[in-house]
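Going down the list, the protein sequences come from chains A and B. Every number in the numbering used here is 1 more than the matching position in the first sequence, counting from 1. Every number in the numbering used here is 124 more than the matching position in the second sequence, counting from 1.
Take these hints with a grain of salt, some might be off.
Stated by the list, open to error - Straight-line C-alpha distance at most 30 Å; calculated BS3-like pairs for lysine-lysine:
hint: 1; chain 1: A; residue 1: Lys43; chain 2: B; residue 2: Lys194
hint: 2; chain 1: B; residue 1: Lys181; chain 2: B; residue 2: Lys207
hint: 3; chain 1: A; residue 1: Lys43; chain 2: B; residue 2: Lys195
hint: 4; chain 1: A; residue 1: Lys43; chain 2: B; residue 2: Lys181
hint: 5; chain 1: A; residue 1: Lys68; chain 2: B; residue 2: Lys181
What the hints assert, rightly or not - Output of the computed footprint for chain A on chain B, the stretches with three or more beta carbons under 8 Å from beta carbons of chain A:
hint: 6; segment: 197-208
hint: 7; segment: 227-233
No lab work stands behind these hints, which were simulated from the structure alone. Heads up, the beta-carbon is just placed ideally off N, CA and C, and yes, glycines get one too.
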Amino acid sequence: QKEVEQNSGPLSVPEGAIASLNCTYSDRGSQSFFWYRQYSGKSPELIMSIYSNGDKEDGRFTAQLNKASQYVSLLIRDSQPSDSATYLCAVTPGSARQLTFGSGTQLTVLP
Amino acid sequence: DGGITQSPKYLFRKEGQNVTLSCEQNLNHDAMYWYRQDPGQGLRLIYYSQIVNDFQKGDIAEGYSVSREKKESFPLTVTSAQKNPTAFYLCASNLRDGEGYTFGSGTRLTVV
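Chain B with its partners taken away, still in its complex shape (with noise of 0.2 Å):
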């Protein structure tokens, strides 16, 4: 079946450590888009990629980095930097503009 797949589903971080949080989708999209959602809020936008090898910051960007080297996998690292990145974090894609998004299951992030 076509989805996308984010591992871990839990992960915890200790100060100072970068994590990667893993998104592989087997639909043949273009976009992919990372999101973070905070208890009780909305989604905001990390990064977004709409081409193999390029990706675009979003409205929280800092503190995070990406790559995109194949079209189906688009990590996400949470830096050092980010001084506050416990949350939900979700990844989605979509095949051409002006479509709604298919979402992964998500990584739920704490840190100890």
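Only chain A is shown next, with the shape it has when bound in the complex (with noise of 0.2 Å):
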């Protein structure tokens, strides 16, 4: 079992939809968790970090995070050309500082 999971998509939406980008992860103890844009050929950039249970809203972005279901999602509201990316999950398992990344999701928003 992988211990950070995404859908790997693609995963298409029109325009001013709503994307919903999820996550799960396999450590109990994880404590810190984010989620990168990557556009293509170049680095990932944090767009959203959560620590703890609930709704994290930063502009159009929502991160989730549900610890007992061990899922943690993004929501991308209103989205727009330029969201197109892959989107990448990771997560802090335990005590450890080094982060733990999925393989990432690739968002395409269709004008």
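Take the two lone chains, each set in its own frame, and fit them into one complex as the hints suggest.
Below you can see the structure in the form of structure tokens.
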């Protein structure tokens, strides 16, 4: 079982719709959770971090964490073509400092 | 501006050759990391260092070596023992436990 799992997609949504990206993790002791956006050929860029159960909103982005279900998600409201990228979920397992990444979900927003 | 600088952006390696990828940061971060990304894949940890003169192997350290002589610098050497080195290499850092990483712009290594 992979430590961090994401649906690889590709996921396509029309412009203006809500994009929903999901991630599950295996280590119940995980403390820190992150979403990165990676454009083709570029390095990942941190867009959201979440540490406690519930929702965290930042502009059009909402991260949701459910530690009991070992599940973290990212919602992108009013999706734009510029949101088309691969979204990587990353988790800090237990007391470790280094991140474990999922394989990413490729999102395409259709004009 | 603070950030992480990786060089070169593109690197070509001949069979049997060792090559070194540079990573320099001016963020005053203690921890630095090297990841490898293959097409369509996530990031896999090669090595990490939490303080100067100390580093630990990650999940795929075989065929790689690192040093951490200065806080700002964490170079990665891809040795001839690494049989499939073609990949996108990413250097990252963070200030403290639980924080997300800042990434460099990456080095794309190709075997010719």
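Right, here's what the structure says about each hint:
At most 30 Å may separate the alpha-carbon atoms for a hinted pair to count; Lys43 of chain A and Lys194 of chain B meet this at roughly 27 Å. Under the criterion of a C-alpha separation no larger than 30 Å, the hint pairing Lys181 of chain B with Lys207 of chain B is consistent with the structure, at around 18 Å. Restraint check: the Cα-Cα separation between Lys43 of chain A and Lys195 of chain B comes to about 25 Å, which is no more than 30 Å; the hinted pair holds. Note on Lys43 of chain A and Lys181 of chain B: the hinted pairing holds, with a Cα-Cα distance of about 25 Å set against a maximum of 30 Å.
Of the pairs offered as hints, the one joining Lys68 of chain A and Lys181 of chain B holds, with about 28 Å between alpha carbons and a cut-off of 30 Å not exceeded. With 0 residues bearing a CB less than 8 Å from a CB of chain A, the segment 197-208 of chain B misses the requirement of three and the coverage assertion fails. Using a Cβ-Cβ cut-off of 8 Å, 4 residues of the segment 227-233 of chain B lie near chain A, which meets the minimum of three, so the contact claim holds.
Hint violations for this structure: number 6 only, all remaining hints satisfied.
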